[in-house]
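From first to last, the protein sequence lines stand for chains A and B.
Numbering-wise, numbering that gives the first Met the number 0 puts 101 at position 102 of the first sequence, and it's gapless, one number per residue.
Numbering-wise, numbering that gives the first Met the number 0 puts 113 at position 114 of the second sequence, and it's gapless, one number per residue.
Any given hint might turn out to be false.
Unchecked claim - Beta-carbon label-pair distances, calculated as ranges:
no. : chain 1 : residue 1 : chain 2 : residue 2 : range
1   : A       : W280      : B       : P382      : 52 to 58 Å
2   : B       : S179      : A       : A161      : 50 to 56 Å
3   : B       : T258      : A       : V265      : 27 to 33 Å
4   : B       : E73       : A       : V4        : 30 to 36 Å
5   : B       : K232      : A       : F271      : 28 to 34 Å
6   : B       : T279      : A       : A161      : 38 to 44 Å
7   : B       : Q313      : A       : S264      : 40 to 46 Å
8   : B       : E134      : A       : F64       : 43 to 49 Å
9   : B       : S90       : A       : R172      : 52 to 58 Å
Please keep in mind that the hints were generated in silico from the structure rather than gathered at the bench.
Nothing here was measured: the structure is a model prediction, and the numbers come from that model.
C-beta atoms are modelled at their ideal positions from N, C-alpha and C, and glycine is treated no differently.
For reference, the chains in residue letters:
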Amino acid sequence: MTVIVSQLFTGVSIGAVLLLIALGLSLTFGQMGVINMAHGEFIMAGAYTVYVLQKVITDAGWSLFVALPLAFAVAGLMGVLLEVLLIRRLYARPLDTLLVTWGVSLILQQLARDIFGAPNVQTRAPDFLTGNIKITDDLVLSNNRLFILTLALAAVVALTVALRYTSLGRRIRAVVQNRDLAAVSGIATGRVDRLTFFIGSGLAGVAGVALTLLGPIGPTMGTNVIVDAFLVVVAGGIGHLKGSVIVAFALGTLQSLVEYSTTVSVAKVLVFVAIVAFLQWRPQGLFTLRTRSLA
Amino acid sequence: MLDIRGRWKGALLPLAAILALSACGSKTGENESVGGAVADTSGDTVKVGLLNSLSGTMAISEVTVRDSIKLAVEEINASGGVLGKKIEPISEDGASDWPTFAEKAEKLIREDKVAAVFGCWTSASRKAVKPVFEENKALLFYPVQYEGLEQSPYIFYTGATTNQQIVPGLEYLKSQGKTSVYLVGSDYVFPRTANKIIKAYVQANGMTVLGEEYAPLGSTEFGTIVNKVKASKASAVFNTLNGDSNVAFFKEYKSAGLTAASMPVVSVSIAEEEVKSIGTQYLDGQLTAWNYYQTTPGAANDKFVKAYKAKYGQDKPTSDPMEAAYVSVYLWKAMVEKAGGFEVDKVKAASDGVTFDAPEGLVTVDGATQHIYKTARIGKVGPDGLITEVWNSGQPVKPDPYLKGYPWAAGLS
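When you get a sec, could you build the whole thing from the sequences and use the hints?
Below you can see the structure in the form of structure tokens.
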């Protein structure tokens, strides 16, 4: 029993990580249809923000909380820069966008290598996050996993509220559902695109901050997670936050439960098989978006 | 007429192409029959190849090895070079990709005509370049501890083989009364072979293995593996993870409430450089098995540490693979000088008994196995990120890559 509970917790926390890295992508890829391969490098930028910030603010706790909005801004601005300089010119050419952003991702990785060096860097986690909550002797919930879970849920709530109840959210949804009609109605679609990209990329930065608590911080950390992020968005259904949330937690739990009785590799294979089978059954993903565009 | 000529041309072109191709084919065939490329040592300089991953998941470790090889080369050049020739290092990036290693090895040997190559880290990259060096009859100096059970006539192994690192690590655990172990490793040659040896040792010594887990190279999700380790209640963990995975593993290990006091981890791939990038807060008190630490006493080490820090920065630590790489260049120099020439056959023949007063202590080349005598040392990670020795083998251990001297290992090779 303890095993199942602790594995479920591990699964949910894997899901939370998946959700955090996929959330920004569900905006830029899901809502805007831009295949941004450099999304992983925005995550990396968020992680390096913590590293740089800890040189200024030495207290690990404070630096983490300052890093969250700062990483959002840093990654968001990088996203806007990418949108303005390149992606905007390629909206009608998705395949070219894929190649161009992949190139950008390689450039950003090399840039990180030149600035911070090829080896990984370390950040300090605040003491209150390195401990755990003991429920029984065998069942402990680690604080950093709980923190990431809270962060992921908070991000989902904030994004849902922003999309549903703010005027910016209404404009984003209008542009997604029918770009031409939105433009005719007086919405500056270009500005909405830039803002959407800012938020989506900014969320990648926040994910980067969370990843510093779990794994290595280095130039290739973005490439490690980008495939998983796309999987979540594609299987969740393009244009739907709800789908990404459900799929992220489902995949995390599946991974952890299968892995406990088999091995990491078998679990990975089974997760991929499950996704392929699922997409055979529902090629559009878990939820489909009904748009009024003609395309 | 014109028409017909055109047609003829059409038929002739492919024919010419086939002829040209077959000519190329016979040319490469000739090269092979001669027996590989010969090092070009005619000028004032002698070229050597540096083959390390400067990018990808292994770059974290391999860049430091490249740096220390360069340091040794500079020191040797400053003191007059080898047989009066300055060493000219040519660096290639293996990019953490095994086929790339083979390709770059071929390039260094055939195009650059280097006298020897220094480098490789993972066993997978060594296995990938091994046939290249054997075909071309060229020399590779491999500076990293590895899983043993190998003895290529064209490779000198200056890192530890299993009986100089893993076996002493297990002996230490046994002496501390840690008799049940859990094995965690990356999924490739080294951890799989190392764990085979560990299981044989454990069985013969009345210890138990409570579990064995492999994570894909580069994997950074260790929630489940750490849960399994914790549930097993083993008295120690033997860790053969490599690269980035160690960071994720130790972060998870600590947050699950496991410590060096409750369940120590013995690692064989974590040296000072890795400690720095994982974070000392996660590694405090954990054990490592190596042949050299930055804190190893001795004048040779003081000189090495000082020179390295002066060149690459005061915050840069020195580690076992870096030291073994540094030593490999000096050993090659000593072999060449003993042989009186750069020819691979002569260098190999001269290798037996060559010694060097290394930072880790005196090392001696064993000509029969092309490995070196090394002192085994178990160390503990301190809060300052440095590793201090808690136990050593007392004297250099004779290399035994096939573990022939250990009855329990019969049947492994």
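Now the hints, each set against the structure:
no., hint, verdict
1, A:W280 with B:P382: 52 to 58 Å, "holds, 54 Å"
2, B:S179 with A:A161: 50 to 56 Å, "holds, 53 Å"
3, B:T258 with A:V265: 27 to 33 Å, "holds, 30 Å"
4, B:E73 with A:V4: 30 to 36 Å, "violated, 58 Å"
5, B:K232 with A:F271: 28 to 34 Å, "holds, 33 Å"
6, B:T279 with A:A161: 38 to 44 Å, "holds, 40 Å"
7, B:Q313 with A:S264: 40 to 46 Å, "holds, 42 Å"
8, B:E134 with A:F64: 43 to 49 Å, "violated, 59 Å"
9, B:S90 with A:R172: 52 to 58 Å, "holds, 53 Å"
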